[in-house]
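Protein sequence lines correspond, in order, to chains U and B. The numbering of the first sequence is our numbering, which starts it at 1 and goes up by one. The numbering of the second sequence is our numbering, which starts it at 1 and goes up by one.
It is worth saying that the hints were derived from the structure and are not from the lab. A virtual CB, placed ideally from N, CA and C, is assigned to each residue, including glycine. Any given hint could be a false lead.
[Stated by the list, open to error] Computed cross-link-like contacts, DSS-like style, restricted to lysine-lysine with a CA-CA straight-line distance of at most 27 Å:
id, chain 1, residue 1, chain 2, residue 2
1, B, K52, U, K88
2, U, K235, B, K73
3, B, K78, B, K91
4, U, K52, U, K72
5, U, K88, U, K72
6, U, K88, B, K73
7, B, K78, U, K72
8, U, K59, B, K144
9, U, K72, B, K91
10, U, K235, B, K52
11, B, K52, U, K59
12, B, K106, B, K221
13, U, K59, B, K221
14, B, K144, U, K65
15, B, K221, U, K65
16, B, K106, U, K235
17, B, K58, U, K65
18, B, K106, U, K52
19, U, K59, B, K106
[Claimed, not checked] Which chain B residues face chain U? A few, computed with CB under 8 Å, are given here:
id, residue
20, I9
21, G18
22, I20
23, V54
[As the list claims (entries may be wrong)] Chain B stretches covered by chain U per the calculated footprint, using a threshold of three residues with CB under 8 Å from any CB of chain U:
id, stretch
24, 86-93
25, 99-108
26, 152-160
27, 170-181
28, 193-201
29, 212-222
30, 231-237
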Amino acid sequence: MRNGLKIVLIFILCAFIGSSVIVLSKTVKGLHVFVSSKVIEDYGITIEGERKDMENLVKQIEEAKAQLEELKTLEAENEDISQELEAKLFQDLEFYKLAAGFVDAVGPGVEVIVDDGTRDIEFGEDPNDILVHDMDLFLIINELKAAGAEVISVNGQRIVDTSAISCSGYTVRINGQFYARPFIIRAIGDGSRMAASLIGPGGYGNYLKDWGLVFKVSIRDDIRIPAYTEDRTPKYMTIATDDRTVKEGENN
Amino acid sequence: MKNKSGIPIIFALALVIGLIISIQLNTSDAHDQGGLIPIPIAQVDALEQQLKEVRREKEAILAEYLELEQRLKEIEEKNLSDDAFIQSAMKELERYRMAAGVLDVKGPGVIITVDDPIPTEENPGDGYSTIMIRYDLLLALVNKLKDAGAEAISINGQRIIAKTEISLAGDNVNINTVPTAPPYTIKAIGNPDTLEGALTIRYGIVENMRNNYGLQVSIAKQEEIEIPRYNGVLRFLYAKPVENSEEEDAQ
Chain U
1 MRNGLKIVLI FILCAFIGSS VIVLSKTVKG LHVFVSSKVI EDYGITIEGE
51 RKDMENLVKQ IEEAKAQLEE LKTLEAENED ISQELEAKLF QDLEFYKLAA
101 GFVDAVGPGV EVIVDDGTRD IEFGEDPNDI LVHDMDLFLI INELKAAGAE
151 VISVNGQRIV DTSAISCSGY TVRINGQFYA RPFIIRAIGD GSRMAASLIG
201 PGGYGNYLKD WGLVFKVSIR DDIRIPAYTE DRTPKYMTIA TDDRTVKEGE
251 NN
Chain B
1 MKNKSGIPII FALALVIGLI ISIQLNTSDA HDQGGLIPIP IAQVDALEQQ
51 LKEVRREKEA ILAEYLELEQ RLKEIEEKNL SDDAFIQSAM KELERYRMAA
101 GVLDVKGPGV IITVDDPIPT EENPGDGYST IMIRYDLLLA LVNKLKDAGA
151 EAISINGQRI IAKTEISLAG DNVNINTVPT APPYTIKAIG NPDTLEGALT
201 IRYGIVENMR NNYGLQVSIA KQEEIEIPRY NGVLRFLYAK PVENSEEEDA
251 Q
């Protein structure tokens with residue numbers, strides 16, 4: 001009787017310790033990884049981004065399919081489709097000339113004037129506080145793009161995909177040309193939307209004004225932006241051929 | 001009788017010791033991991049799997065698109081006359097399309113990866129992504145690459161074209177209106193030495209990102225990089241092209 005009870009108790013004890021070891025090892029190591037709390041979120045965003053990319057592709061596929069269909073019906077009717085194709089060629093030419101910045105553009109939009117602050121600096125204050133920097137300019141441009149700007153220029157320099165804006169002492173270099181204050185940024189697009197994004201609550205224009213810089217936005221319906229004039233013959237890049245092989249594990 | 005009453009006490013003692021040990025192990029483990037939190041491997045695996053699946057799906061769609069494009073091209077080549085005027089127009093179109101960023105391109109250049117700092121004991125982070133909040137660092141990085149003569153740039157597969165924005169929208173950083181998240185892979189085609197040199201200059205952008213923000217940045221020079229085309233739909237609703245520009249002054 002006494003022996004029997006002892007054995008039962010020891011059995012329970014052993015079982016308890018055993019199970020607690022298992023629980024412990026499970027929660028501490030086995031099935032968990034230690035990651036930063038935002039990793040899960042990042043995965044979600046990346047997946048969402050890829051989906052969005054797919055949507056864009058599907059739209060383009062539909063467009064291409066419609067085009068192909070149209071050409072095929074014309075071909076079936078024994079029409080001469082070279083006329084059609086030529087028309088499309090010149091239409092494309094005009095469109096991509098605008099997209100690449102090789103032609104002047106006109107349209108409604110905004111004109112933004114940014115200049116160094118006119119206030120006196122306080123004792124010991126860094127004069128940089130009231131000067132316009134390259135960072136200010138490309139943040140404004142970025143803001144305009146986010147608000148749907150289609151074509152942008154800074155002091156008459158068309159902003160294209162390779163346009164850099166860099167401070168170099170007293171001047172700012174844009175597309176390899178030198179400019180000094182004041183800076184006039186013009187953008188074609190939805191004027192009121194672009195203006196609101198700059199001078200609305202939390203807009204970058206307000207931030208600059210708070211520092212004492214001069215910042216003016218005017219909505220205009222006759223913005224004219226000149227073509228990109230610098231040489232941009234590519235030296236390093238060539239067109240990748242269409243037989244692009246899909247590489248496993250390569251993300252982008 | 002004496003023996004019998006001892007056993008429950010030993011039992012209780014073993015229980016307490018066991019609990020203490022397990023609590024100790026748990027807390028010291030979490031301590032060592034700084035700001036990291038434990039997440040079931042299965043959940044991470046499932047997400048990884050989901051991402052792979054979406055990417056595979058996208059590749060399939062891309063392949064379909066490329067095939068359609070090829071067929072269109074064939075029809076064009078078959079039917080367009082080979083007179084010099086048309087041929088030069090086609091050449092010019094290719095040049096414009098390349099500059100507009102709607103063609104896949106390849107060439108030598110650099111690949112830069114930027115990731116958030118690893119959370120540590122002293123600096124556990126606040127659950128927000130440093131590089132996403134300071135997306136202006138990405139902007140500055142891209143600007144430096146352009147300044148160093150980059151001819152084509154992409155961030156996480158999004159081609160940088162004239163109207164590309166990098167903006168913080170809610171919790172996302174949108175590029176070409178597509179949500180992106182770290183780690184960021186930035187590819188740039190150009191002179192690899194110039195590109196790398198411009199970024200790694202003392203007190204330059206990369207040093208700033210590493211030292212002031214604790215970001216993990218790496219740069220690799222490559223013989224050949226492929227950069228994808230702009231995937232979105234290009235459309236001009238406001239801007240209209242106009243020829244001849246001589247009367248406008250520089251401003």
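Hints and how they fare:
Of the pairs offered as hints, the one joining K52 (chain B) and K88 (chain U) is violated, with about 38 Å between alpha carbons and a cut-off of 27 Å exceeded. Straight-line distance between C-alpha atoms of K235 (chain U) and K73 (chain B) comes to about 26 Å, which keeps the hinted pair within the 27 Å bound. Only pairs whose Cα atoms come within 27 Å are accepted, and K78 (chain B) paired with K91 (chain B) is accepted, the gap being roughly 16 Å. With a C-alpha separation of about 30 Å, the suggested pair K52 (chain U) and K72 (chain U) falls outside the 27 Å cut-off, and the hint is violated.
Distance restraint check for K88 (chain U) and K72 (chain U): the Cα-Cα separation of roughly 15 Å lies within the 27 Å cut-off, and the hinted pair is therefore satisfied. Proximity of K88 (chain U) to K73 (chain B) is assessed by CA-CA distance (about 12 Å); at most 27 Å being required, the pair is judged to hold. For the given pair, K78 (chain B) sits about 13 Å from K72 (chain U) by alpha-carbon distance, which is consistent with the 27 Å threshold. A distance of roughly 33 Å separates the Cα atoms of K59 (chain U) and K144 (chain B); the hinted pair therefore is violated under the 27 Å criterion.
Taken as a hint, the K72 (chain U) and K91 (chain B) pair is honoured in the structure, with Cα atoms around 25 Å apart against an allowance of 27 Å. This hinted pair does not check out: K235 (chain U) and K52 (chain B) have alpha carbons roughly 35 Å apart, beyond 27 Å. A hinted pair counts as satisfied when its Cα atoms are at most 27 Å apart, and K52 (chain B) with K59 (chain U) qualifies at roughly 22 Å. The suggested pairing of K106 (chain B) with K221 (chain B) holds, with an alpha-carbon distance near 14 Å, which does not exceed 27 Å.
With a C-alpha separation of about 35 Å, the suggested pairing of K59 (chain U) with K221 (chain B) is violated against the 27 Å cut-off. A distance of roughly 40 Å separates the Cα atoms of K144 (chain B) and K65 (chain U); the hinted pair therefore is violated under the 27 Å criterion. Among the hinted pairs, K221 (chain B) with K65 (chain U) is inconsistent with the structure: their alpha-carbon atoms are about 39 Å apart, more than 27 Å. Of the supplied pair hints, the one linking K106 (chain B) and K235 (chain U) holds, its CA atoms being roughly 11 Å apart against a limit of 27 Å.
Only pairs whose Cα atoms come within 27 Å are accepted, and K58 (chain B) paired with K65 (chain U) is accepted, the gap being roughly 18 Å. Annotation: proposed proximity of K106 (chain B) to K52 (chain U) holds, straight-line Cα distance about 24 Å (limit 27 Å). The suggested pairing of K59 (chain U) with K106 (chain B) holds, with an alpha-carbon distance near 25 Å, which does not exceed 27 Å. Residue-level restraint check for I9 (chain B) is violated (minimum Cβ-Cβ distance to chain U is 11 Å; threshold 8 Å).
For G18 (chain B), the interface hint holds, the least distance from its beta-carbon to any beta-carbon of chain U being 5 Å, beneath 8 Å. Residue-level restraint check for I20 (chain B) is violated (minimum Cβ-Cβ distance to chain U is 11 Å; threshold 8 Å). For V54 (chain B), the shortest C-beta to C-beta distance to chain U is roughly 5 Å, which falls under 8 Å, so the interface hint holds. As drawn, the stretch 86-93 of chain B meets chain U at 5 residues by the rule of a beta-carbon pair under 8 Å; at three or more, the given contact holds.
Remark: the stretch 99-108 of chain B is confirmed as covered by chain U, as 10 of its residues place a Cβ nearer than 8 Å to a Cβ of that chain, reaching the required three. Counting residues of the stretch 152-160 of chain B whose CB lies closer than 8 Å to any CB of chain U gives 6, so the stated coverage by that chain holds, three being the minimum. Only when three residues or more bring their CB closer than 8 Å to a CB of chain U does the claim for the stretch 170-181 of chain B stand; here the count is 8, and the claim holds. For the stretch 193-201 of chain B, the stated coverage by chain U is violated: 0 residues have a C-beta nearer than 8 Å to a C-beta of that chain, whereas at least 3 were required.
Restraint check on the stretch 212-222 of chain B versus chain U: 0 residues with Cβ-Cβ distances below 8 Å, three needed, restraint violated. Using a Cβ-Cβ cut-off of 8 Å, 6 residues of the stretch 231-237 of chain B lie near chain U, which meets the minimum of three, so the contact claim holds.
Checked against the numbered hints above, the structure violates hints 1, 4, 8, 10, 13, 14, 15, 20, 22, 28, 29; every other hint is satisfied.
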